[in-house]
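Asks: Residue numbers (the working numbering), protein chains in the order written: chain H, 67 to 269; chain R, 67 to 269.
Honestly, I wouldn't trust all of these hints.
Same chains, same names: a pair is fine if it fits in one copy or spans any two.
Below, simulated DSSO-like cross-link-like pairs (lysine-lysine); rule was C-alpha separation at most 27 Å, straight line [unchecked claim]: (1) Lys-168 <-> Lys-227; (2) Lys-130 <-> Lys-166; (3) Lys-262 <-> Lys-125; (4) Lys-116 <-> Lys-130; (5) Lys-130 <-> Lys-227; (6) Lys-166 <-> Lys-116; (7) Lys-130 <-> Lys-174; (8) Lys-137 <-> Lys-242.
It should be emphasised that the hints constitute simulated quantities derived from the structure, not laboratory data. It should be emphasised that the depicted structure is a prediction, and the values quoted were computed from it without experimental measurement.
There are 2 protein chains.
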Amino acid sequence: MALHYPNGQPFVRQPSASTTNYASRGMTLEEELNLSNQYYLEAGLAVVHKKPTPIQIVKVDYPKRSQAVIKEAYFRTPSTTDYNGVYQGYYLDFDAKETKNKTSFPLKNLHPHQVAHMQRCLDQGGICFLVIRFVTLHRVFVFPASNVIAWFQQQDQGGRKSIPLADIEAQGFELKPQLQPVIPYLTGVDWLIQTKVGGTRGN
Amino acid sequence: MALHYPNGQPFVRQPSASTTNYASRGMTLEEELNLSNQYYLEAGLAVVHKKPTPIQIVKVDYPKRSQAVIKEAYFRTPSTTDYNGVYQGYYLDFDAKETKNKTSFPLKNLHPHQVAHMQRCLDQGGICFLVIRFVTLHRVFVFPASNVIAWFQQQDQGGRKSIPLADIEAQGFELKPQLQPVIPYLTGVDWLIQTKVGGTRGN
C-alpha cells in the first residue's frame, strides 16, 4: 500500500540526523507521530495535524505556465507547539521532543514561548502535553503540560535544568509502542482526561 | 505602539491584490483576523493561530556562520483549514474567505478537502465555520460548517454553485466590525455554541 499524506502528497521518508540513534526503525518521532495521526484520522478517532514549518518568504518567481517557485526564504521560530487538533470534543495541543539522554529530559529542548503557549491553552481548557522519547532507551511518554510548566518555573528559580527520568515515570504516562498506531498517544490523552492533570474544560 | 506577532516578528502590512477593493482599510480579511487573534490572545479570551502556509522545501543552503537559506521551494495545497485553536474548552476550526461577489458566495472558493476536514472536525465535536467577507458590501459573516457541507453536497447533486446572500443572512451570524477586535468572530462562536449549529461536544 502506498502511503499518502491527507493532502495527497506521497509519503517520503526524510533522512534525519537521529536515524542512526533509532536504527531499528529508522523513523524520527515526528514521522511516527505523522503516521499515528494519519491512522487516527482514517479511523475517525481524532483530527490532529502537524502544523507546517513557518517560513519567511523573501523572493518568489512566477514562471509563465508553471508553478510559483520560492527562491529565497528563511525558517522562522514557531510561536506555538507543533501539533493540535480535536478528540471527542477536547482540544489537543502538544509537542514532540526527543532526547539521547538516558537519565533525564533537558529543559533546553523547550522554548519559553512554547511553555507560555501551553499555559495559555491550559487556561482555555485544552488538553496539553509533551510526547517525550528517550531515543536510546526506546521509551516514549505523554507528559502533562502542567508538570512541564512547573519544572520550567523551578529552573527559572535556580532549580534543575532537566527533568529526571524517575519524575517523568512518576508524573507521566508511558506509551507502549505498537503496530498501529505506532505512537498510541490517545491512550495517554485518555489518562490525562481521567486524571484531569492536563487541563479541565472551561465550562 | 509597535505591533508584533506572538513570535516576536514585527507586524508588516503585506500588499495584497484585494487592497483596492477594501480601500477604506487596506487590510485583507487574513490580516484583520490575525490582529483579532492577537487581541483575543493578549486578552486571555482564546488561543487561535493561523497555520503557516505549507511549503515543499527542495533545496536549502547552509552558509557558514549564518542562517540557513531556502533556495528552492514550492507552495503546497493545505489539507486543512487555515485557523484553529481553543476557546473555553471548545476546539475552534475555521477558514476565512473573501468574495467580490455581491449577491452570493461562490462554492468554488472551497476545496473539497477543506469541506472533508470540516466534517471530520464536526464529527469530533469541534466548533467549525467559515468567516465570509463580502468585500464590496463590507459585510462579514460567521457561517456554520454544517451549512457549508449541506450546500456543497447539493452542488455535487447538480444544485447551485453558490450560496445566495439571503441564505447566508438566514443561516449565518453577521459580525459588526469594531475597533478591537476588528473581526469579533467569538460573538459568532458564542452564537454557534448556543444554537448548536456548529457542532456539539463529544461528551
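Asks: If a hint holds in the structure, say so; if it doesn't, say that too.
Replies: Hint check results:
1. For the homomeric pair Lys-168 and Lys-227, the shortest alpha-carbon distance inside one copy (15 Å) is at most 27 Å, but the shortest distance between copies (59 Å) is not.
2. With identical chains, the CA atoms of Lys-130 and Lys-166 are at most 27 Å apart between copies only, with a shortest distance of 26 Å across copies and 48 Å within one.
3. Neither within a single protomer nor between protomers do Lys-262 and Lys-125 lie at most 27 Å apart by alpha-carbon distance, with minima of 47 Å and 45 Å respectively.
4. Proximity of Lys-116 to Lys-130 under the C-alpha cut-off of 27 Å is found in neither arrangement, the shortest distances being 32 Å within a copy and 30 Å between copies.
5. Taking the shortest Cα distances, Lys-130 and Lys-227 never come within 27 Å of each other, neither inside one copy (54 Å) nor across copies (30 Å).
6. For a Cα distance limit of 27 Å, the shortest separation of Lys-166 from Lys-116 inside one copy, 23 Å, qualifies, whereas the shortest one across copies, 33 Å, does not.
7. Proximity of Lys-130 and Lys-174 under a CA criterion of 27 Å is satisfied inter-copy only: 24 Å between copies versus 46 Å inside one chain copy.
8. Proximity of Lys-137 and Lys-242 under a CA criterion of 27 Å is satisfied in neither setting, with 43 Å inside one chain copy and 40 Å between copies.
Comparing the model with each earlier hint shows violations of hints 3, 4, 5 and 8; every other hint is respected.
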